[in-house]
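Here the protein sequences line up with chains A and B, keeping their order. Using the numbering used here, the letters of the first sequence map in sequence onto residues 40 to 517. Using the numbering used here, the letters of the second sequence map in sequence onto residues 40 to 517.
To be clear, the hints were calculated from the coordinates, so they are not data collected in a lab. Certain hints may be false.
Heads up, the list lumps identical chains together, so a pair's fine if it works in one copy or across two of them.
[Claimed, not checked] The calculated SDA-like cross-link candidates involving lysine to any residue, where the alpha carbons are at most 25 angstroms apart (straight line), are: (1) K146 / E466; (2) K317 / S211; (3) K462 / Q513; (4) K146 / Q93; (5) K141 / P380; (6) K367 / H210; (7) K452 / R426; (8) K250 / A281; (9) K364 / R81; (10) K367 / L468; (11) K250 / S235; (12) K141 / F106; (13) K462 / Q147; (14) K462 / M379; (15) K462 / Q93; (16) K171 / V338; (17) K128 / S469; (18) K128 / R476; (19) K128 / F175.
Since the model is a prediction, treat every value here as computed from it, not as a measurement.
Protein chains: 2
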Amino acid sequence: MQAPIVPTPAYIPYSDVLSLIRDILSTSITDHDSPVHKQVVRVRGWIRSVRAQQQVHFIALNDGSCFENLQLVLSHENNNASIDFLALKTGVAIEVEGKLHKSPGAKQHIELHVQVIHYLSPHDSEYPLQKKRHSFEMTRMIPHLRVRTNTFATITRIRSALYRSLNHYLHSQGYHWINVPAITTNDCEGAGDLFSVGFDINSSKRHFFGKPAYLSVSGQLNAESYACGMSRVYSFAPIFRADNSNTRKHLSEFWMLEPEGAWLSYHDCISLAENLIKYAVSTLLEHNHTDLELFDTYVHKGIIAELGYFVQTPFKRMEYTEVLKMLKGNENNKNKTHTMPPLEWGMDLATEHEKALMTHTNNVPVAIMNYPKEIKPFYMYHNDDERTVRGIDIIFPRVGELVGGSEREYRLKELRMALTEKKLREEELSWYVDLRRYGTVPHSGFGLGFERLIQFVTGMANIRDCIAFPRAPQEALC
Amino acid sequence: MQAPIVPTPAYIPYSDVLSLIRDILSTSITDHDSPVHKQVVRVRGWIRSVRAQQQVHFIALNDGSCFENLQLVLSHENNNASIDFLALKTGVAIEVEGKLHKSPGAKQHIELHVQVIHYLSPHDSEYPLQKKRHSFEMTRMIPHLRVRTNTFATITRIRSALYRSLNHYLHSQGYHWINVPAITTNDCEGAGDLFSVGFDINSSKRHFFGKPAYLSVSGQLNAESYACGMSRVYSFAPIFRADNSNTRKHLSEFWMLEPEGAWLSYHDCISLAENLIKYAVSTLLEHNHTDLELFDTYVHKGIIAELGYFVQTPFKRMEYTEVLKMLKGNENNKNKTHTMPPLEWGMDLATEHEKALMTHTNNVPVAIMNYPKEIKPFYMYHNDDERTVRGIDIIFPRVGELVGGSEREYRLKELRMALTEKKLREEELSWYVDLRRYGTVPHSGFGLGFERLIQFVTGMANIRDCIAFPRAPQEALC
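Using the sequences and the hints given, assemble the complete structure.
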């Protein structure tokens with residue numbers, strides 16, 4: 040087994056690492072009357088709200104380190120007369136010094152009695168985020184400020200926590216992180232429309248890279264070449280789609296996790312995806328419970344219970360043909376509640392079909408296997424039936440396809456036939472064909488859309504609210 | 040303190056996770072004569088070399104999980120006559136089954152006595168990587184296959200190990216991973232030339248994003264907006280430079296780690312960079328020693344000792360003005376060995392100056408602080424002397440500038456003046472100015488070029504050999 044990460048060594052901490060609110064709130068209180076610590080503490084953050092009473096100001100301070108605010112108590116008597124109490128407003132940044140006390144209030148167990156304000160930045164003009172709930176449409180127009188709201192600070196912590204646990208799980212299973220290029224000269228993966236790069240209309244040297252180049256729609260082909268040497272690899276990087284689609288599930292730029300494993304079958308690939316996602320979700324339930332409560336209360340009631348059920352329930356595996364049969368049966372059912380678009384063998388599932396499938400399985404994710412070869416790209420393993428390939432899509436409740444993958448066509452002859460069938464030129468992909476010419480091995484992999492995973496765990500309706508700076512057609516602020 | 044990562048839960052492992060060579064080689068041997076394990080093991084990998092004796096074939100098998108090969112012993116008698124011994128060649132993939140024995144050889148302590156070959160992929164044509172050393176120039180032409188050489192498999196493991204420890208350190212210090220957009224509509228950061236995106240010459244709707252868009256040269260401005268709400272954040276993502284420069288230190292696409300911390304001064308920022316890099320290098324020395332030995336033997340003799348010295352020696356901090364004085368002094372020294380380009384106050388250091396600086400400090404990294412404002416971007420904190428800004432570059436031996444950062448100009452009035460001085464329009468950056476209008480706080484951050492760090496720890500001369508698929512002017516294979 041790989042050695043575990045060594046503990047962080049005790050280098051001299053940089054001078055101004057003061058207390059994070061997260062650390063302060065985890066302080067235990069033993070004595071009800073005396074200050075928790077004899078020495079003074081300094082905290083810094085942004086004011087979430089101010090409540091003024093006759094002799095005292097209560098301030099809820101947040102520094103992003105955790106969901107909870109720290110209550111600051113500014114007694115008018117104890118404080119220097121020079122404090123400008125009118126400047127204490129939502130959004131203002133302050134640095135204060137004082138002692139921690141047990142709080143008599145029900146909302147918090149600890150509070151800071153402020154002695155000195157060391158720093159205060161009054162607003163230059165009216166602050167756009169007041170102490171009230173703002174619509175997601177409104178905060179989407181100010182992506183540089185929305186991280187100061189509870190929802191987006193929490194999304195940010197959840198993104199970071201999932202990033203950490205996904206990476207951790209894959210490392211623990213022997214996967215090496217690799218980088219795949221964002222700029223690619225392959226234009227034939229068929230995963231979506233492409234953005235061109237390096238074509239300068241004002242320059243005589245027209246192609247910066249010597250030939251047409253694009254932003255990558257998937258790192259898979261490159262990851263395959265690394266799996267055929269390192270056995271287990273994954274990339275985690277931004278991916279680009281130039282499709283002109285404006286839906287609540289699509290972005291022009293998003294993060295994709297792409298594991299690729301030599302010697303994995305498509306069934307192993309489903310197991311890897313299942314174990315990986317369940318590990319990430321269970322870690323989140325354990326360490327970010329307070330963060331998830333926000334979504335359970337305001338965004339999607341019952342999501343914590345849903346995620347608990349998700350972690351404990353095995354995914355279903357169904358053949359594409361079987362899924363079709365089931366959906367067709369549903370169609371003839373007089374009690375059907377959905378009106379579904381037509382669906383015949385050889386067609387891809389529409390959103391309504393995915394919803395019906397989730398109703399059928401009582402929201403248990405389904406790995407659909409062995410798709411008609413006509414609706415899948417050239418690189419998937421061709422089954423003996425000559426009709427299907429070993430593609431897999433894993434359908435999740437609410438978000439639809441969260442994972443898409445396949446067992447790859449590792450046989451030289453069959454790959455060449457597939458290229459011909461899809462009218463692709465082997466010369467353009469000769470390097471990829473090389474992987475089948477030399478030391479070829481069975482291998483599989485998948486792509487997991489990171490922002491859709493954020494949607495799944497938070498219940499957020501629009502994927503634009505699951506990424507810091509969303510990019511979509513006609514939309515790129517900041 | 041943040042809770043530590045929970046151990047990976049024991050989900051049912053997917054069916055075909057067989058033994059990695061890394062795990063097999065860490066098996067301890069207690070009995071010299073009997074097999075180490077009674078049960079058979081299966082291993083899979085690619086043949087690195089074959090040595091045939093009269094009654095036995097010795098195969099060095101590698102699966103990428105570690106530097107070392109596993110020795111396979113194929114006795115001609117014990118094996119099925121149907122084995123095609125001629126097909127056993129460098130680069131061929133095989134899956135074998137057998138028992139582990141203590142090896143009588145000096146080179147390895149354990150070997151696998153093969154009973155069955157389950158899978159073997161003979162080459163379709165002549166394998167380009169034979170058992171000999173290939174030039175880096177040659178392997179650069181086959182980036183899809185070079186990971187099957189010792190050097191690039193080792194680079195890949197080192198990249199993954201550094202990715203892991205850099206992430207780990209920042210998490211342990213309360214930094215949240217954030218994503219910054221690769222596609223940006225800011226074109227004024229001045230960090231380099233830009234690639235245009237979303238401008239379709241064939242389409243009537245000329246700007247996909249509704250306005251000119253580019254590939255990002257730095258995530259800093261976006262990261263700043265998140266630091267002003269989350270306190271401590273970092274991004275780790277690909278970054279793009281369209282400069283037409285072909286040097287051994289530049290790429291058109293590379294990975295950059297960008298921490299940004301609220302309330303950090305530029306001195307804190309240097310400490311963060313120093314502690315972070317030292318943690319990563321010391322972790323590497325501890326866990327990837329065998330990998331580093333390859334570079335110590337074949338690429339840069341003495342690099343392990345150099346890295347050990349690096350970890351133990353505090354960085355130097357020098358004012359820009361002080362550095363200049365020192366270099367000018369050197370210039371007048373009759374014993375000077377370098378011929379240096381001219382250097383006057385207000386000029387940037389050239390590579391030759393950086394080398395002279397490293398000679399002066401005996402290869403201890405130097406953080407150069409407080410640069411003339413004319414040679415630095417608009418966003419750096421302006422010192423009272425009205426001539427300098429709080430920019431920092433950290434110069435490393437061999438690779439030059441590994442880290443570039445600054446304390447940011449957080450004061451509204453001074454930022455506006457800087458925009459005017461640099462002839463930038465405030466309207467274009469109004470969102471960035473907003474960060475100074477509402478709840479502004481002192482903050483600092485830096486960018487660390489990941490591939491230059493790989494150069495630093497491996498001693499590799501060309502940065503193209505420190506990334507899987509290098510992109511440079513007129514260069515984008517696979």
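Hint check:
In this assembly of identical chains, K146 and E466 lie within 25 angstroms of each other by CA distance neither inside one copy nor across copies; the values are 67 angstroms within and 43 angstroms between. When the C-alpha separation of K317 and S211 is checked against a cutoff of 25 angstroms, the pair qualifies both within a copy, at 15 angstroms, and between copies, at 24 angstroms. For the identical chains of this complex, K462 and Q513 are neighbours neither inside a copy (33 angstroms) nor across copies (27 angstroms), given an alpha-carbon limit of 25 angstroms. For the identical chains of this complex, K146 and Q93 are intra-copy neighbours only, at 21 angstroms inside a copy versus 82 angstroms across copies, given an alpha-carbon limit of 25 angstroms.
In this assembly of identical chains, K141 and P380 lie within 25 angstroms of each other by CA distance neither inside one copy nor across copies; the values are 61 angstroms within and 65 angstroms between. For the homomeric pair K367 and H210, neither the shortest alpha-carbon distance inside one copy (42 angstroms) nor that between copies (49 angstroms) is at most 25 angstroms. In this assembly of identical chains, the alpha carbons of K452 and R426 lie at most 25 angstroms apart only when taken from the same copy (17 angstroms versus 68 angstroms across copies). Proximity of K250 to A281 under the C-alpha cut-off of 25 angstroms is found in both arrangements, the shortest distances being 19 angstroms within a copy and 15 angstroms between copies.
Taking the shortest alpha-carbon separations for K364 and R81, neither the intra-copy value of 65 angstroms nor the inter-copy value of 40 angstroms comes in at or below 25 angstroms. When the C-alpha separation of K367 and L468 is checked against a cutoff of 25 angstroms, the pair qualifies neither within a copy, at 39 angstroms, nor between copies, at 54 angstroms. Taking CA atoms no more than 25 angstroms apart as the test, K250 paired with S235 passes in both settings, with 11 angstroms inside one copy and 16 angstroms between copies. Taking the closest pair of Cα atoms, K141 and F106 come within 25 angstroms of each other only inside a single copy of the chain (19 angstroms); across copies the shortest separation is 56 angstroms, beyond that limit.
For the homomeric pair K462 and Q147, neither the shortest alpha-carbon distance inside one copy (66 angstroms) nor that between copies (50 angstroms) is at most 25 angstroms. In this assembly of identical chains, the alpha carbons of K462 and M379 never lie at most 25 angstroms apart, being 33 angstroms within a copy and 58 angstroms across copies at closest. With identical chains, the CA atoms of K462 and Q93 are never at most 25 angstroms apart, being 79 angstroms at best within one copy and 50 angstroms at best between copies. Taking identical chains as interchangeable, the C-alpha atoms of K171 and V338 lie at most 25 angstroms apart only when both belong to the same chain, with a minimum of 15 angstroms there against 61 angstroms between chains.
Within a single copy, K128 and S469 get their C-alpha atoms only as close as 63 angstroms, which misses the 25 angstroms cut-off; across copies the closest is 22 angstroms, which meets it. For the identical chains of this complex, K128 and R476 are inter-copy neighbours only, at 13 angstroms across copies versus 67 angstroms inside a copy, given an alpha-carbon limit of 25 angstroms. In this homomeric assembly, K128 and F175 come within 25 angstroms of each other (Cα to Cα) only inside a single copy, at 22 angstroms, whereas the closest approach across copies is 60 angstroms.
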